[in-house]
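Colleague: Starting from the known structure of chain A, arrange chains B, C, D and E on it as the hints suggest.
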Amino acid sequence: MPTPSLRRSDKTGLPPGTIVHVGARPTGPAVVSIINYNEHGFDEQVGADVEACVASLQTPEMTWINVAGLHDASLIERLGLALGLHPLVLEDIANASQRPKVEEYDGYLFVVLKMLEYDLEQDQTMVEQVSLILGDNYLVSFQEDSNDVFDPVRARLRNSAGRLRKFAADYLAYALIDAIVDNYFVVLELMGDRIEGIEEQVAEHPEERPLPEIYRLKREMIALRRAVWPLREVLAMLQHSESSLIRPGTVVYLRDVYDHTVQMMDTIESMRDLLSGMMDIYLSGLSNRMNEIVKVLTIFSTIFIPLTFLAGVYGMNFRHFPEIEWRFGYAMFWLICGVIAVVMLLYFRRKRWL
Amino acid sequence: MPTPSLRRSDKTGLPPGTIVHVGARPTGPAVVSIINYNEHGFDEQVGADVEACVASLQTPEMTWINVAGLHDASLIERLGLALGLHPLVLEDIANASQRPKVEEYDGYLFVVLKMLEYDLEQDQTMVEQVSLILGDNYLVSFQEDSNDVFDPVRARLRNSAGRLRKFAADYLAYALIDAIVDNYFVVLELMGDRIEGIEEQVAEHPEERPLPEIYRLKREMIALRRAVWPLREVLAMLQHSESSLIRPGTVVYLRDVYDHTVQMMDTIESMRDLLSGMMDIYLSGLSNRMNEIVKVLTIFSTIFIPLTFLAGVYGMNFRHFPEIEWRFGYAMFWLICGVIAVVMLLYFRRKRWL
Amino acid sequence: MPTPSLRRSDKTGLPPGTIVHVGARPTGPAVVSIINYNEHGFDEQVGADVEACVASLQTPEMTWINVAGLHDASLIERLGLALGLHPLVLEDIANASQRPKVEEYDGYLFVVLKMLEYDLEQDQTMVEQVSLILGDNYLVSFQEDSNDVFDPVRARLRNSAGRLRKFAADYLAYALIDAIVDNYFVVLELMGDRIEGIEEQVAEHPEERPLPEIYRLKREMIALRRAVWPLREVLAMLQHSESSLIRPGTVVYLRDVYDHTVQMMDTIESMRDLLSGMMDIYLSGLSNRMNEIVKVLTIFSTIFIPLTFLAGVYGMNFRHFPEIEWRFGYAMFWLICGVIAVVMLLYFRRKRWL
Amino acid sequence: MPTPSLRRSDKTGLPPGTIVHVGARPTGPAVVSIINYNEHGFDEQVGADVEACVASLQTPEMTWINVAGLHDASLIERLGLALGLHPLVLEDIANASQRPKVEEYDGYLFVVLKMLEYDLEQDQTMVEQVSLILGDNYLVSFQEDSNDVFDPVRARLRNSAGRLRKFAADYLAYALIDAIVDNYFVVLELMGDRIEGIEEQVAEHPEERPLPEIYRLKREMIALRRAVWPLREVLAMLQHSESSLIRPGTVVYLRDVYDHTVQMMDTIESMRDLLSGMMDIYLSGLSNRMNEIVKVLTIFSTIFIPLTFLAGVYGMNFRHFPEIEWRFGYAMFWLICGVIAVVMLLYFRRKRWL
Amino acid sequence: MPTPSLRRSDKTGLPPGTIVHVGARPTGPAVVSIINYNEHGFDEQVGADVEACVASLQTPEMTWINVAGLHDASLIERLGLALGLHPLVLEDIANASQRPKVEEYDGYLFVVLKMLEYDLEQDQTMVEQVSLILGDNYLVSFQEDSNDVFDPVRARLRNSAGRLRKFAADYLAYALIDAIVDNYFVVLELMGDRIEGIEEQVAEHPEERPLPEIYRLKREMIALRRAVWPLREVLAMLQHSESSLIRPGTVVYLRDVYDHTVQMMDTIESMRDLLSGMMDIYLSGLSNRMNEIVKVLTIFSTIFIPLTFLAGVYGMNFRHFPEIEWRFGYAMFWLICGVIAVVMLLYFRRKRWL
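Protein chains in written order, with our numbering: chain A, 1 to 354; chain B, 1 to 354; chain C, 1 to 354; chain D, 1 to 354; chain E, 1 to 354.
One or more hints might be untrue.
The list makes no distinction among identical chains, and a pair is therefore deemed to hold if it is satisfied within one copy or across any two copies.
[To be verified] Straight line, CA to CA, 27 angstroms or less: simulated DSS-like cross-link-like pairs of lysine-lysine:
{"no.": "1", "residue 1": "Lys166", "residue 2": "Lys11"}
{"no.": "2", "residue 1": "Lys351", "residue 2": "Lys101"}
{"no.": "3", "residue 1": "Lys295", "residue 2": "Lys351"}
{"no.": "4", "residue 1": "Lys295", "residue 2": "Lys101"}
{"no.": "5", "residue 1": "Lys166", "residue 2": "Lys295"}
Derived from the structure by calculation, the hints contain no laboratory data.
The following block holds chain A by itself, in its conformation from the complex (with noise of 0.2 angstroms):
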């Protein structure tokens, strides 16, 4: 049953672990595909149940199980019965709107993460939850819908060669992860040549009017802190882990994924910084073109006031009126106008007001 939009509401009332799909919109089926590797082997097999996984997980390879699509609450159900997980972890995977997080169960570890994507139809920066459970010698993870960002190391998988099919589980947490927050450069830098066009607008066409689009950037610049920051922190716990399941040799691979996120919480709180002073910049500009044409306009009036005043004189039908009797009365008009305008714009330029 598909609805338009889930939300974290409906839960309410419900008992703990209970299992309910909050989040976007699903699309098609849920689709379990299984990859069983090691050092010799690999086999894949899409479109896989239930019962496929099982028997998967039984054998002393390794198995990738990947599960694409949260709204089938039967089938993490079941998996998770078949893998022995913790009600509250089957209730988080199906909730879309979890924050990144690692937890420690007996036996496996549970893992959660968003993975970003920059969808350039809708012009938009996409979240999605993905959720991992490491175990000993099997990955299972859930994203909310099957896409592209996991294909490499599908790839790298598929192709002997490597380091992927001699390590274990861990080392393929390890790849997923590292896949997941290489995407995030990949929004980042876009989000940056988008502030670099901003810029290059304020102060050719500040007329444009940027604020819309700074706005915009700010609220995904907000969504992308929301995923990062706790990633950062998911990532510092799995390294000083205490776990069994994150082998020694791993450590330093993971302290390198850490190093990365650093690196782009530094480069999201400058790009913040950029965007505030554009903003300054741009709402200075614009406030300073617009003093700027009232300026002349203002000016341009005040010189033609006493001008104005100076022909309703002459317009008086005052019976004695000696002015008007004089043979070079209007010539001498336009002279004292002339003189008017004239110091009235020296005085101006002087006072530095043109």
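Modeller: Frame of chain A, contents of chains B, C, D and E only:
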């Protein structure tokens, strides 16, 4: 003696341990309800007295006593005596201006929480204080007013299925805290909806002045933060408590609620950022619009200034006034006016003032 | 020798331990009062001298010596000698510009606090320094001025009921600190009332300029924070002190006052947020209103500009001026004026400038 | 070789330990003064050379060597050699752009401080660097310039009374630090006076533009913070130092100076808050005043606009112009003008624009 | 294959440990130079190959290998193989978008730093990455481009005097870091000069628009902070490192550089404060000036409004118009005009609008 609003300062000068109700107007008498339950049975009593409470506490079954209404000092005192509570605890229960906290005493834990509810009628977030006394085989909860936030928990107790009847009082305490925190999400999502509403309004109808609404939201958000920040500490302390009253199996559930509070903090911080960003957008949009109007009108006036001056000139009464006598003087006047207007418009356009 | 205001800098160059009173104008001589009490008896002496103090200290009963007035250096010195206090302690007692702090010395604890009182006459929050010397069976308190904040404690001592007479000097110290902190709530609530008053004023009478009042509140809030922040530390240190002077039974009471200070910090931070939010509202409301006026007036002028031009045109004196001769020229003029005005009003309305 | 201003960058590329004076223009030669003292005697030598220093150090009495002037690299080097100082210490002594710090070396402590003085002539706060070498029975102090901040300490040494002559070198170091910190209060109070002056000015004569003065104060406050923040750390470290050079009896005195720095931090933070609040008040007051003027003038013009139009109307030359011919046409014109003006004034008043 | 700019996102999807150069356009081939030295001898080789490096490493002398240019992946890989470096280290060396950090590996320390240089031609601060591999008897440094920052260190090595030749590789590493940090001061002082320049400009020629320059400085300061903050952590970690590669005698030198970074952080924060204060001054000064102009002009117009109205009145054509007929009507008109103007000027002056 129900007074309109009781304040913290009314207690100045009283010795510590004096039970004085501080909070909003109490309505009706305090209502005590007792629920006795174990895995096999369930028994509910509404409108009980202190003696019934004492009797229930002596049975081996789990006992949940709920007191709705904090203004009956004698009731709280007698109940406190029966349970052997510290005088300061009783004082804090009656004083509804407490900060969420947890305190360990010999034989029981004292927890203070804030319950949030969005009152649709008054279009306002209401804050209510809930105190919990967690003993070995009993839980006493004090609310300011009887409301239905705990009803789902009561329903789950009545229903023999579920973990709730099998576990001890600490799990019941968790269930109540969870019910309270679940309600926070409802309030938060309503706030999110209102923020989105303002966002739209700012973008499309800035003349409708969303400022007072933004200020109200800010105010409610401050109240929300004041409830959630210490709540997070409370849950962290409960989770890491060394008290034997918190059984190891309950800790994982407390961690789950803890995660929820962290998630809420996140959401609140993001909302704050969005609100202040929106206000910037609104204010600058407003001043932009105003500037735009003033600019166009100023330009309009500026074009007419020389024309009016010219009309004044030809209204002068000089005796010797060559143009006045010309055959096509009047037509020429209109021609000059047209030329001036066009030249100025072109100038303004080239300067990008239009 | 009462001087208008003694300043910290007047002490520059003096050796450490020099007792110099720094603070507001002392009024009248310093007054020493002694209270001796135990569970069974109570004895009060007002206007005592140092010898009486020494005699009281040697009795087995609890002794509370209160000194009101810090400008009598010789009194403080002799009392300090009798109690064996460190010279720096005596210097700090006399210097009323201290920060709240607690210091442990051999045989006694030295506590500095700030007492707050809202002076209704001067419509201002007054800050006064209180120092406590907590010994094994005595408590010495120093105030700048005699006031009635400690009166409820004296009343409870006189009255044989209550914990106060049964407990030791540390509980008396707690009772005094509690009395001081209780008074903070009175000041805080008065501030809250004033903030609400400004809120209303901002919403309904923005022309009444609440800015100076907002600034005054900000100023007082800064003073309040400076008193409360270190107070919190003082209470945390007392609570976790390993000194044998603080008996275990008193710790739970100190925790209670500690909670009150945390609650106050919370309230102060919220008030700050409200104040700054209110100021934004006020400023933007003010500029909105001003813009509104200027806009309406500008539109009004703009409508008259072409009309005035037209009147000028028909006031010209061209000899050949066809319209002037027309039978209904004047009526037509008014018609044209009406059409122009209506068209412009419609245009402004369609552009939503009105 | 006195140069106008020596900069940190002139040292780029030099090996560590190179003694290069970085700081303001040195005036005159460096002056060395030696004071030998113990409980019974006191001996002072001004304008001594390095040999005299070495001789003094070998006597059992306490020796205080004060060097005023940091530009004599050879003097510093020879003295350093005699005392067995680390090359980096010598480099830091000569480089007056150091941050306050304390470093423990074998046999001596190295302390860097900033001395503040308000130069009344230049109306500016001057910062000077002071370095202390605290050995077992000697103290060497280095200043940029000879000034009189240490004079009260010298006077107390000469005077046989007081703790100073009885205690060891660490107490002398404390006395010097205390003298320096006491001077901070003088500077702070002068700042406080200036802030109060601006406050008054803002409230009563906003047209006098206090902005540059506010900016100057802000600048000096930044310099002050840079001196005080690390000073606080220095004193905390000295106080908790495990070095045997700091005797237990001195620690309580160091704690006292530490308290002073905390108090100063507090004052500085409050002043910053006040300054920024004042600036807000000033700016908004200024724009209020300007808006007020523009509003009144705009209303004034607006009243005259229809009147001027009317005058223009009756100046038209239409042949058929009924009103012109009327007996009381002119009187009626003034009547209409009066009615228009009164109606508009009433309208503006009702709209609360006046 | 020199490309205009290599970005972090180009690495998305590659396995960890892949050596891809990320950074600005490489110019020319990578240049390897080897310096072998001990207390007695010194031997330099420029343009060496990997084999020469390996040979040098096997001698007992200290070996410093400097690689200028990071785009030769194969060179870095072979060198890494020879030194037994972790693949992630090699990846990080090539990726010039790293954050400063220090990592301990078996047998070597890996340090990443940022080198700053002010490019006078482009009037811009350039950031370059430097990586150091510190082994027991060797140091390998990787720069993006060959530049002369390390030249003073080379000169000191050539010159047999000085500590450098006597100490081990860790002291050489310190010397390089010190050279880099020394260069930061040059950049900082240039920035300080520019800030002073803007300060002057703001005070004296506000019409010259220093905003873009302020924004540029802000941008560079953000970059600077990003380099210095983590550098401080790096030096703290090196200083407190328990690695045997850092000899105790070097720690005091590292502390010295650490102090320098703290000092820089201080300076940067002060500069940020100054910049933002300056911007406030500039903006408010600008709007003040604009308001001043508009005010004066508005007052000017306002004085002429009643005069122009009066001229209009006496230009009316009423048949019965008493004043028109008066002998001194015209003179009286000018008198009235003069009176009106003077009265208004006096009023404006009394209201302090002028």
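Colleague: All hints are to be evaluated individually against the structure, with a verdict given for each.
Modeller: Checked hints:
1. Lys166 with Lys11: The answer is between: 23 angstroms across copies meets 27 angstroms, while 43 angstroms in one copy does not.
2. Lys351 with Lys101: Cα proximity of Lys351 and Lys101: none, with 64 angstroms in one copy and 52 angstroms across.
3. Lys295 with Lys351: both (13 angstroms within a copy, 14 angstroms between copies)
4. Lys295 with Lys101: Classified as neither: same-chain Cα gap 58 angstroms, cross-chain 54 angstroms, threshold 27 angstroms.
5. Lys166 with Lys295: neither (74 angstroms within a copy, 71 angstroms between copies)
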